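Protein chains in written order, with the working numbering: chain A, 1 to 469; chain B, 1 to 219.
Where hints are given, some of them may not hold.
Said to hold, decoys possible - What the simulated footprint calls covered on chain B by chain A, stretch by stretch (three residues with Cβ under 8 Å from a Cβ of chain A suffice, anywhere in the stretch; the number is not a length):
1. 24 to 33
2. 183 to 197
Stated by the list, open to error - Computed list of lysine-lysine pairs in BS3-like fashion (alpha-carbon distance at most 27 Å, straight line):
3. A:LYS137 / B:LYS64
4. A:LYS226 / B:LYS134
5. A:LYS212 / B:LYS134
6. A:LYS137 / B:LYS134
Source of the hints: derived by calculation from the structure; they are not laboratory data.
Quick caveat, the model's predicted, so the values are computed rather than measured.
Note that CB positions come from ideal geometry on N, CA and C, so glycine has one too.
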Amino acid sequence: MRVWSVLEGIGWRPVASYFFMLLVFFTLLKLYAVDKITIGVMVAISLLFSAFLALVLYRRVIVPLNEVIEAARDIARGNLSRRINIISQDEIGDLAKSINDMADRLRHTIGEITAEKDRAQAMLDSMSDVVLALDRKGRIIMVNPAVETTFGIPQVDCVGRSVVEVIRNFDLDMVLQRVQATNSQLIREVAIISPEPRIFILRATPLVGNTKGGMVVLLRDISERKRMEQMRSEFMSNVSHELRTPLTSIQGFVETLQDNGTEDPQMIRHFLGIIAAETARLSNLVDDLLDLSRIEERRVVRRWQREDIGTLVDQVLTVCGSRADDKQIAIKASLQPRLPRLFGDPDLLAQVLINLVDNAIRYTSAGGTITISGLVEGDEIRIDVADNGAGIPAENIPRIFERFYRVEKARTRGMGGTGLGLAIVKHIIKGHGGRVDVKSVVGKGTVFSIFLPLEIPVTLPAAGSFYLH
Amino acid sequence: MAPRHNFDKQLKEIQQDILRLGSLVEQALYDSVQALISLDVAAAGQVIMKDELIDQLCLEIEEKCVWVIATQQPMAGDLRMAVAGIKIIISLERMGDHCVDISRATMCLSGGALTAHSVEYIPEMADIVQQMVKDGLDAYVTRNVEKAKAMCAMDDLVDFIYNRIFRELIACVKEHPVHAYQMAYLLYVNRYIERIADHATNIGEAVIYLVTGERRELN
């Protein structure tokens, strides 16, 4: 059995050479010792010799060659770590060495290509923009995982489909059709309503090079940027409007004084009074704007120190006391005994309380009461400024911290105030790592609550930009 | 082999056109309700203008369906595909018309501010209907009968909200007869949105017919 399998492995050529060798030995022996030995001995000697030679041949050539063949097949099948263990100095050794080198080289090259591909794939996978690659017929051949987070469509469901089956948007489809037809890049904004309304910038580029048509589509979510742009332009128009109003008034009265040259000193004094008041309002507005922009740049909390809430409340009473007295509004303070001290910039925290109390005075009618209370809640200090004034309608509450937002535009401008007070409050408290909350019932009153962390906030918002002393 | 290949291509094209039409209707529904809430006359006008595109696309698709039936004489699933296609585009076209109606109401209301409390519910209902239309078209793309059924079940919720808004608007009219004009239009809008939901269930039924061959009444 074994012999047969060995023979089969050897093939007919070595067997033929074996018999040829046998013949040669036999002939040599016959020539050399014609009749000294009998034919039987001669045959035996030739057989022995040739068998020995065949064995050597089998060991030295056939076996290693078989191994080489086996290894080469293995490498061809993709097992690039396979090596041949032959270290003979002959041709077979060279062959084995070359095959080993080739395998090394292949492995290295394929490793490089794989790494390159992995890098490209990783880049695509970690992109927040949606990238689609389409073939000539508009079917998706590749898509990155962002499609899942952006549109909620499983990545595997996209491949092989056309775009309109996956992202149903008419404008998007039109743009892609145009790119396909004209073979030139297009950049457009498209609004896609599903799963939530968002605006995308769409960039569709035809594939160039040796590919057969197709294109790459990039979708970038720019809703946030759009919203910011809109807010900025609203803010600009608000600022201009707010600056315009006192200026118009000042201009009017100055012109009246110039033109008429009214002799009535009382009238002149009255006019000048108005001009002074409007100038003060303008100046307040500019101050507030500067404050706000400083706070927004988060460069505000310069002095971090412990401060007693009582001291702050006293400060507030000194500033706002006279205005409250004018309107016959009582300001009460009810602080929990032994309150821990606040941590932050005392001037800014006082400004927060002043702004809130000032607001409360403004929107509370004569005879009302404002209560400042302080207590510890969990790991936060809570300071409430409560009034029993007009209250804020529920639908306005989400917007009152916006700059220049007023609940009733016509009425409240007459009450003074720049429209920036609450925006400043919000930004200062945010800078201290705290938060502001409002509860209000129309006709009953409003409570503004400030929550400040008891301990030094470990992760201050953008802590790097604070100047800590 | 060649004619068959061509036929499959035609069916595929019809399906993609239906999805295009669907995308236009989805957008129209969203835009018309947004325009109503913010009383944006310009946006409402846009919806009315874009309806022409919907109607035109609808005609084209119908033509293609008829052409396929006439020239290829499709059988079984393929025939259902063409028939369901016609059913779906008719529903979509009606939805588009209701969006135009909503936009017309917006134009009529644009004089003053919306006072009714129930305006809050209308976007809520519109969101659900929007989702139904989306799910209906998704079910059509993926031939998903379960999704189509689930979508049709949402119609009950829409009917419930419809009734609630109806009662509230009537109560509003009784309380403030001054706003009767506005309330009347909102009643119409309420009805239009409810009708859109009904058409969405028709799409669901068409999908079930397309996949299983059964005709079911689901609302």
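Status of each hint after checking the structure:
no.	hint	result
1	24 to 33	holds (count 4)
2	183 to 197	violated (count 0)
3	A:LYS137 / B:LYS64	holds (20 Å)
4	A:LYS226 / B:LYS134	holds (26 Å)
5	A:LYS212 / B:LYS134	violated (34 Å)
6	A:LYS137 / B:LYS134	holds (25 Å)
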